[in-house]
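Novice: One letter stands for each residue in the lines below.
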Amino acid sequence: MSVLSVRDLHVTYRTKGGDVPAVRDVTFDIDRGHVLGLAGESGCGKSTIAGAILRLHSARTRIEGEISLEGQDVLALRPGPLRAVRWTGASIIFQGALHALNPVREVGDQIAEAITVHKLAGEREARVRTAELLEQVGLPARRIDDYPHELSGGQKQRVMIAMALACNPSLVIADEPTTALDVMVQAQVLQLLKSLQRELGLAMLFITHDLSVLAEVSDRIAIMYAGKIVEEGAADRVFHEPAHPYTTALAGAFPEIGDMRFRGKPSGLGGDPPDPQHIPSGCPFHPRCPVAIDACPTLDVDLWSAGEDRRAACIHVSGAPSFSEAST
Amino acid sequence: MSDTALERHEQTMGEPIIEVRGLEVSFAGRTSLLQGFRRDKVSVATAVDGVDLTLHEGEVLALAGESGCGKTTLARAIMGLIRPNAGQILFRGKPLGRKLHAYRREVQMVFQDPTASLNPRQTIYESVAEGLRIHGIHQGPNGETEEELVARALSQAGLRPPQRFYLLFPHELSGGQRQRVVIAGALVLDPKVIVADEPVSNLDASVRGEILQLLLKVRDELRLSILIVTHDLGLAWTVADRVAVMYLGRIVEAGPAEDVLLHPRHPYTKALLNVVPEAGGIDRPILLGEPPDPTRIPPGCRFHPRCPVVATGEAAKLGIEERCRGEDVGLEELAPGHLAACYEAWIERDSITSPLPAPSTREDPRTLGP
Amino acid sequence: MSTIETPRQPSEFTVGVEAEPPPAPRDPKKIRWARRRRAITGFWRVYRKNKMGMVGLVLLGVFVLVALAAPLMVSPDDLKPATAPGISFQPPSSEFPLGTDDFGRSVLDLVIYGSRISLLVGFAATVMTMVVGTAVGIAGGYYGGRVDTVMNAFTNWFLVIPWIPLAIVLASILGRSLFNTILVIGLTSWAGTARLVRADTLSVKERPYVERARALGASSWHLVTRHILPNVMPVIFANTVLTVALSILAETTLALLGLGDPLSVSWGTVIFDAFDAGALSAGLWWWLIPPGVCICLVTLAFTMCGYALDEVLNPRIRER
Chain X
80 MSVLSVRDLH
90 VTYRTKGGDV
100 PAVRDVTFDI
110 DRGHVLGLAG
120 ESGCGKSTIA
130 GAILRLHSAR
140 TRIEGEISLE
150 GQDVLALRPG
160 PLRAVRWTGA
170 SIIFQGALHA
180 LNPVREVGDQ
190 IAEAITVHKL
200 AGEREARVRT
210 AELLEQVGLP
220 ARRIDDYPHE
230 LSGGQKQRVM
240 IAMALACNPS
250 LVIADEPTTA
260 LDVMVQAQVL
270 QLLKSLQREL
280 GLAMLFITHD
290 LSVLAEVSDR
300 IAIMYAGKIV
310 EEGAADRVFH
320 EPAHPYTTAL
330 AGAFPEIGDM
340 RFRGKPSGLG
350 GDPPDPQHIP
360 SGCPFHPRCP
370 VAIDACPTLD
380 VDLWSAGEDR
390 RAACIHVSGA
400 PSFSEAST
Chain B
441 MSDTALERHE
451 QTMGEPIIEV
461 RGLEVSFAGR
471 TSLLQGFRRD
481 KVSVATAVDG
491 VDLTLHEGEV
501 LALAGESGCG
511 KTTLARAIMG
521 LIRPNAGQIL
531 FRGKPLGRKL
541 HAYRREVQMV
551 FQDPTASLNP
561 RQTIYESVAE
571 GLRIHGIHQG
581 PNGETEEELV
591 ARALSQAGLR
601 PPQRFYLLFP
611 HELSGGQRQR
621 VVIAGALVLD
631 PKVIVADEPV
641 SNLDASVRGE
651 ILQLLLKVRD
661 ELRLSILIVT
671 HDLGLAWTVA
681 DRVAVMYLGR
691 IVEAGPAEDV
701 LLHPRHPYTK
711 ALLNVVPEAG
721 GIDRPILLGE
731 PPDPTRIPPG
741 CRFHPRCPVV
751 ATGEAAKLGI
761 EERCRGEDVG
771 LEELAPGHLA
781 ACYEAWIERD
791 SITSPLPAPS
801 TREDPRTLGP
Chain P
6 MSTIETPRQP
16 SEFTVGVEAE
26 PPPAPRDPKK
36 IRWARRRRAI
46 TGFWRVYRKN
56 KMGMVGLVLL
66 GVFVLVALAA
76 PLMVSPDDLK
86 PATAPGISFQ
96 PPSSEFPLGT
106 DDFGRSVLDL
116 VIYGSRISLL
126 VGFAATVMTM
136 VVGTAVGIAG
146 GYYGGRVDTV
156 MNAFTNWFLV
166 IPWIPLAIVL
176 ASILGRSLFN
186 TILVIGLTSW
196 AGTARLVRAD
206 TLSVKERPYV
216 ERARALGASS
226 WHLVTRHILP
236 NVMPVIFANT
246 VLTVALSILA
256 ETTLALLGLG
266 DPLSVSWGTV
276 IFDAFDAGAL
286 SAGLWWWLIP
296 PGVCICLVTL
306 AFTMCGYALD
316 EVLNPRIRER
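Residue numbers (the working numbering), protein chains in the order written: chain X, 80 to 407; chain B, 441 to 810; chain P, 6 to 325.
Computed cross-link-like contacts, DSS-like style, restricted to lysine-lysine with a CA-CA straight-line distance of at most 25 angstroms:
#	chain 1	residue 1	chain 2	residue 2
1	B	LYS632	B	LYS539
2	X	LYS95	P	LYS56
3	B	LYS657	B	LYS632
4	P	LYS54	X	LYS95
5	P	LYS210	B	LYS539
6	B	LYS632	X	LYS344
7	X	LYS344	B	LYS657
8	B	LYS632	B	LYS534
9	X	LYS273	X	LYS235
Derived DEER-like restraints, expressed as beta-carbon distance ranges:
#	chain 1	residue 1	chain 2	residue 2	range
10	X	GLY97	P	ALA44	18 to 28 angstroms
11	B	ALA756	X	GLU214	29 to 39 angstroms
12	B	ALA526	P	VAL174	49 to 59 angstroms
Which chain B residues face chain P? A few, computed with CB under 7 angstroms, are given here:
#	residue
13	MET549
14	PHE551
15	ASP553
16	LEU558
17	THR563
18	TYR565
19	ILE574
Rather than coming from a laboratory, the hints here were simulated on the basis of the structure. The C-beta atom is built at its ideal place from N, Cα and C for all residues, glycine as well.
Here chain X stands alone, though its shape is the one from the complex (with noise of 0.2 angstroms):
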């Protein structure tokens, strides 16, 4: 059953300097209890995808195509339905979440804010409902009290995971919750978040740019190059045997030790992820590619099939359709 579905969204910004496309065409699903990755740089239009689901972004931005969650339009609900739909439907943990703390508020105050705000309970049971909630995560009850500053970064990050939680959302979106952190903490945190949502049956997006951590808590991985979805597929699979030639580049960004292929010879791509308003023509990703062929910057790209649940819009992949320059 499907928690969030998303349709040919597309998400245009309006800025003084005309429109910039940061999310173009993109389609995807994610069922109960599964995790979707969605890997990408700057600029790929990730964060903005997070944003749209809870229709975060300032009334000038055009949204087009449809978000159904648990079976809701989103895009169609009114002030009010949205409100009460954001939290208990969907929640997210934020980038840069060790700022996202009220300073000069106790951090139980911030998290029972979230109950009480959707009237999900009165003071004391969402007090009572706090307690447990950090429990869950890992904190002990009694820092319920505590001030943001006297919580370390790892610490911080659960009391998010907490308030994340707090309305029981079926969909949990997490956008790069582990980039700031250290890697011992950022293990932590991951198998937090493992483990709660397994516990919890969640649905959920997670969104960075580092795909080894996708490829450790994900079910399916998404690609998201310029805009677009680029790779999907099995997690494992999208990280280990990458049909498309930016997923390889990225994937060779974060190199298993051990792996002789990478020994001495870091693997990178030239010039830079795409400016939103300075699109390449034909596949976005051709300027940089490394099988780039001449029909590249000409073509229609789509996301064709690359083998069994596997879609790629390469035009090197089995399913694209073929052209006289390239030989199956």
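With chain X fixed as given, assemble chains B and P onto it according to the hints.
Specialist: This is chains B and P only, laid out in the frame that chain X set:
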């Protein structure tokens, strides 16, 4: 160590160029106005607590560890940006004096944030030429003009044609290009050593490889030595010849990269390698707790409060628990060039009479005991 | 997987700019000038778009032009009480658009000529404030430690003292003259600037590019002049503009208190004379209001420019 690894090891190992002996750096905590005036010392954070390290000519040494372990402080002390409280830094065998002007020409730094490392009001040309101007160099060794030296440095850093970049401001370049400019600014003085503090962690993932390739290229072409400070062991695997792992102000393990990363001896190194994410799930033992506070260093082996060997009772079984808890442990050589500061590792060494197998397959780092 | 026929070589290093900059000269000095030119044209292009800034600038321009052209518009004889051209206390007429004062001088002449002293004092006092304030602020901020403690104490002392009583005391000790007016205003204003500059210096000092320059081997002088000062400039600049406005107001206040130079004609002295002659109770509005309006307009003009500068200078530093 296998034969090929040893060969590679000996090939890249040149003469020692920077030697650090018994280095100590501590910081005083917050003080009040009056205390500041009287220079009172309040709580002291010992960032570097007795470090011995050698950087050889032509080698890439990775200094790895979590935040708070002192690796950045150590790098800055080597650069001469922080004055140590104790210990010595030798450059080519001679200790650094108080006047570091000449030293600065030979040892250059590349910082973590390329955007913040460049003065936003200076053009690229001026940022690169700055080093020359500070040292009063108007001519190259073969009579080159300042402009020719700048052009050469920019080219070496991969920005071609260099003239295109002269008049640009940092905000007009991408992150990767900015880092190249910083590297060019370091190369223009023809240094012997580059100290790179997390040189790629602020860059987009697909761009990192290029910058690392550049560092390796300049190491090969110009016979530079590079000290890379990083928290990313995967990066160390990719570029480093040798790795030194730091914990709470001390080096706990050091040796050739393949040895340390594939056959770690210290429990902390093993734990760090365990948690590098990889496909297949995270059901591996993870250290509890947070990176500890440099103002409160535990007695005995400073890792013992978090050490799985102590926690699981292995240490008691081996009879070393008393020492782990009470006696400070130093680095000892376990295999040629491979040192570790751990009582358990020493026992392991002493019990092994045959050389280690070749690192052709990845050993399971889950085994913690002998 | 299909075989690859003609793999395209990716362009090796793409320059991330839209417009190609002009071909760079090879001479370092020319490069420096080219950079300055680029910086100024870039700044102007953005400033031009700021409506408030442009209005302020135009208004300011008018006043400065009038001040500079004053000797051509007003003959000095017309300003001497003995040779005044008109009859006293005349309301505005075609001959004297702003009427006359107690000596029969044209108020318009007085206002035009008065702009010179007012603006001069404003600018001069500001220069003094800026120089002293910046020096103290940067010294304290950069060196820290004991130097900072002393500078800070010094600054706070001046900051806390209410400036009018201080001005009165200083004026009575030093005597009433144009130079002393400037001195008094400078002495009472520099502390505010010093505070601001010190705060910004503390923040700029910690920036990685300063550390990089230190790592390159730069001396303190190099760091301060080439890195800290240029990056503290925006704050100084915006503050300067506001300080001029405040200095002009200060000069007016001093003149109104009777502490200005009795021999010079400034907007403040005109108002003072008007009050002295009982213009308020006699209803001689044409004598009182014009100088006041001018002061308001000039202050407004500087303030608008100051706000615009704040807006313009900050986004420019903000990188993509």
